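Fit chain F to the given chain G structure using the hints.
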Amino acid sequence: MLIIMITPIVQMEPLSTMIEFLVRACLAGLGIAVIAGPLGCFVVWRRMAYFGDTLAHSALLGIALGIMLEVQLNIAVIICCILLALLLVTLQQNRNIATDTLLGILAHSTLSLGLVIVSLMDNIRIDLMGYLFGDLLAVNNVDLLWIYSGGILVIGLVCWLWRPLLSITIHEELARVEGIPVNTMRMVLMLLIAMVIAVAMKIVGVLLITSLLIIPAATARKLAASPEKMAIWASGLGCLAVILGIALSYYYNTPTGPSVVVAAGLLFILVTALPMKRSY
Amino acid sequence: MSVPLLQLTDINVCYADQPILQNVTLSISEKEIVTLIGPNGAGKTTLVRVVLGLLNPTSGTRQMRDGVTIGYMPQKVSVEPTLPLSVKHFLRLAKKEKATDISKVLQQVGIAHLVNQPVYGLSGGEMQRVLLARALLQKPNLLVLDEPVQGVDITGQRELYKLIAALRSELGCGVLMVSHDLHLVMAATDKVVCLNKHVCCSGHPEHVTNDPAYIALFGEQESEFAVYAHHHDHTHSTDGAVIHND
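Which chain is which? The protein sequence lines are G and F, in order.
For the first sequence, the working numbering begins at 1 and goes up steadily by one.
For the second sequence, the working numbering begins at 1 and goes up steadily by one.
Worth flagging that the hints you see were computed from the coordinates, not collected in a lab.
Any given hint could turn out to be false.
Stated by the list, open to error - If you only want the chain F side, here are some residues facing chain G, beta carbon under 8 Å, derived:
| no. | residue |
| --- | --- |
| 1 | Tyr72 |
| 2 | Pro74 |
| 3 | Leu85 |
| 4 | Ser86 |
| 5 | Leu93 |
| 6 | Ala94 |
| 7 | Lys95 |
| 8 | Gln138 |
What the hints assert, rightly or not - Straight line, CA to CA, 25 Å or less: simulated DMTMM-like cross-link-like pairs of lysine to aspartate or glutamate:
| no. | chain 1 | residue 1 | chain 2 | residue 2 |
| --- | --- | --- | --- | --- |
| 9 | F | Lys98 | G | Glu228 |
| 10 | F | Lys197 | G | Glu173 |
| 11 | G | Lys229 | F | Glu80 |
| 12 | F | Lys95 | G | Glu172 |
| 13 | G | Lys222 | F | Glu80 |
| 14 | F | Lys98 | G | Glu173 |
| 15 | F | Lys88 | G | Glu228 |
| 16 | F | Lys95 | G | Glu173 |
| 17 | F | Lys197 | F | Glu32 |
| 18 | F | Lys88 | G | Glu172 |
| 19 | F | Lys98 | G | Glu172 |
| 20 | F | Lys95 | F | Glu80 |
Here the structure is a predicted model, which is why all the values come from computation and not from measurement.
Here a beta-carbon is modelled for each residue, glycine too, at the ideal position from N, C-alpha and C.
Only chain G is shown next, with the shape it has when bound in the complex (with noise of 0.2 Å):
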């Protein structure tokens, strides 16, 4: 039998335990705001928000199944969202309905079936709203593990496919005829986004992954010259709304998940308000 923690409540440990729990929920929130910074400038310069946030939502469903198949939980939710993204291509090939419906269907259709699969197992305790909402409090070494060498493998292949990947964003037909495989970039960039909501996802939850993707990257686009800033500015400001999040869930007490996402929307606000012209 599985049993899942229950947020600690943090006022009740000792100073140590405290701060042990602080340091690794900011640790795990700085990693995933570096790793969610390059790939949120894809989701916003493709537009595919709402694929991603499809995605996220299919994790829960990955989730359920990996507690039903015993299978590891990160493992699982990287498995899901790519089973997810295949199908979406094959249905894509059915004009009768357009991308964005199909798109819903998917997304909550996959979210609710995680649900009722998770009811369905009564012997299992399942901290729901953790995963609904994040709870970077209950991040454990494990996943600390995950989550740094996930995002090593993540940026490093950003980095390495750099150039094409940003080809392909700009005209695919171009970035073919000079000789770059478009279908793997595809399918690369897919499994990255599926990677980040797998390694993201216990810590600002399925409902909130893609707001930590594209709201720092749209932050970062007044502040950027090139696009290779732009990702640099979207983990920047990641990372301080992670910090300001954290500050805020442990001072007064808030969910950290969504007060990381509130962080972030204020600095949206903040740096659009800024009286300064963009240059690019």
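Chain F alone, transformed into the frame defined by chain G:
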């Protein structure tokens, strides 16, 4: 005559049993400018995709001479305003670029002054020149230009065609371009292929304009439209500077 750069023989393309291209045969040789014209829905873009190797024809053969590199200029590239990208950066995405190459091709297409400009916000004519520069960075011996003058005003169109003809002599490459309007391209074209699912007629531009198949497709345009012309005492370079006619 030497082996053509690219030879298409009896190309047929069907989508869901609808023929898009029927028995199209086309060849492009070194230093030859071939212009593809035809009404909307004639299969011009499909044929370009076959030429580029992006689409496998239902039947027919495509032979490319060994060592031929294609430089492709798409019909339209719109860069998202959310993507901060300078002209230099856009050109750097071409695979074989070097920093010196970039400034060289920008000079060739006459937009050296735009090197640090954001791609988003370029005018139609400027963007077409940037795309042409990107195609040139492939060091092509075959240039494929899909409606290279789209969204460019008449004066700009004439200049672009002049530029393409000049590049052909300078680089010695073959050129295949798609166009709506034969009259502006005429001077710069060696061979015109008139397409309407099949090749209606082809040959030297003056020959084609008198061909009954061409007239049936496009009508005798001269009788319906007249091009208004007036004399300018100066022209402008691409950066807007005035060049006086002497």
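Those earlier numbered hints the structure runs against, lowest number first | Violated: none.
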